[in-house]
Structures are given as structure tokens and as C-alpha cells.
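Trainee: Listed below, chain by chain, are the residues.
Number of protein chains: 2
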Amino acid sequence: MKTGILIVSHSKLAADGIKEIALQMAGKDVIVEAVGGLEDGSLGTSALKILEALTFMGKHCSDVAIIPDLGSAVLTSRSAVEMAQLGVKVAIADGPVLEGAVLGAVEASLGSPLSCVLQVIRGAAELRKVD
Amino acid sequence: MKTGILIVSHSKLAADGIKEIALQMAGKDVIVEAVGGLEDGSLGTSALKILEALTFMGKHCSDVAIIPDLGSAVLTSRSAVEMAQLGVKVAIADGPVLEGAVLGAVEASLGSPLSCVLQVIRGAAELRKVD
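Top line first, the protein sequences correspond to chains Y and A.
If you're matching positions, the first sequence starts at 1 in this note's numbering and goes up one per residue.
If you're matching positions, the second sequence starts at 1 in this note's numbering and goes up one per residue.
This is chain Y alone, in the form it adopts within the complex (with noise of 0.2 Å):
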């Protein structure tokens, strides 16, 4: 098993839209789950969804790295971890969101522990996209 990644964006577009450009560059052989708005579907982040994907998680993964997209989106994913009850380590990454899920798929792809796979996501901050 291998870590996995869950997105938690304050936008349901937003958040599957990232796990599918996460999934093209790191290939199917990764979980990335996505997670996004509240349940009416309006802007915001919902702690229940975002434990209903580490519950699933828990089964399937050695760990999970969350990568939340903004400030309240952090505080709900701690939430969430508190209440989930899971057997594998959980982590929130210290990222950008869209940057990060996807350098951190690739990483956890190759089977890297949760350690490396977080330290690769911090490291997405540092991405230059202009010279």
C-alpha cells in the first residue's frame, strides 16, 4: 500500500479537477482523493466529507498526506483528523494545493513514505514558473 493523497479545496470543480491532472502525472497506481464544497454544494469545506475520504483511505493507503487550498480548509481538515479513527498516519502538507497534489502523487507513486512525499509538496512552493 501506498500514500495517499486527499485535496481538500473550498470548491468541488477545483478539487476534481486537481486530482485529475495529479492522476494523468502520476498514473493510476496512486490514491488521490478529491474533496470540495460544502454538501449543498455551495463554496466551503465540510469536516464530515473530508472523514468520509480518510475513512476510506484508511483502508486502502499506508498513510495520507491532505493538502488543504487555504486557511479554512487547514482548520477543517484538523477537525477531521481528530475525529477519524484510522490505523495509518495522517498528515496535512504545507503546500500549494494544485502544485503540490500533483509533485506529491508522482512522489507517492514511486512508493515513498508519507515523510518524503510531504517534504515533496513543501518543496512545490519553491516551483519556478518564470525566470
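Wrong hints could be hidden among the right ones.
Pairs involving identical chains hold if they fit within one copy or between any two copies, as the list cannot separate such chains.
[To be verified] Straight-line C-alpha distance at most 25 Å; calculated DSS-like pairs for lysine-lysine:
1. Lys12 / Lys49
2. Lys89 / Lys59
3. Lys28 / Lys12
If you're looking for bench data, these hints aren't it; they were derived computationally from the structure.
All of these numbers come straight from a predicted model, not from anything done at the bench.
Use these hints to put chain A onto chain Y, whose structure you have.
Mentor: Just chain A now, kept in the frame of chain Y:
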């Protein structure tokens, strides 16, 4: 007229989702456009679609900050900028696409010039999500 924000992602879902978060945070008083995917809807970036967005924005913005998601989105954006014949300044921003688009749109909504918006987008890479 204000600085406009153009999000360029490999995924239409991601581009549209990032746009909806940015508009919610910045208000409707700033122009945020989103381009994602190829003409057939598959993942990738299209210089033609970027060019169309730039042409629209050239008429409604004082200048434009393009925020691409990953490597080849930067190259495609550069090609589109070279093709475009606009009377406004256009620059490719160096920052994470979701976090940069949200902070950049908020800055642009204040009426800040392109240079300030670019600086804020670059600064979005420094956002810490975990203590």
C-alpha cells in the same frame, strides 16, 4: 479599469473552480477569467483559448496577470502573449495557481497596478498552512 487575472490550468474543472473561489474572495468587481484543457476537453493547454481570453480581457482590464499551473501552461501562455496584439500590459505571474489567483484577485480588486498584483501572487508561495 483594473488589473485582470487569467488562470491557465491543464484542467477546465480546476481553472473554473479556482475562478469561483477567487471571485468569492475578491468580489465581482474584478475580472477573473479561466482557461483550461484542450479544445476537445482533454487535459492540456491551448494557446488559442488563452489568446481568446486575452483578447476579451484586453478590452476590459487595464492590464493582465496570467497565472499558469504547471510547466507547459507557462510555455503555452508565452506563445499566446506573443500572438496577442493588445494595448495593455500582460505578464506571466510566478506563484502557485490557486493561492496566487485568490490573493492576486483580492489585490486587483483594490485597484492595484500589475506590479503589485504580481508581487502578491509571488508572495502566495510563502503562505504557510501548517505551523
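Trainee: Each hint needs a verdict: does it hold in this structure or not?
Mentor: These are the hints, each one checked on the structure:
no., hint, result
1, Lys12 / Lys49, "both (11 Å within a copy, 23 Å between copies)"
2, Lys89 / Lys59, "within (12 Å within a copy, 51 Å between copies)"
3, Lys28 / Lys12, "both (21 Å within a copy, 20 Å between copies)"
Checked against the numbered hints listed earlier, the structure breaks none of them; every hint is satisfied.
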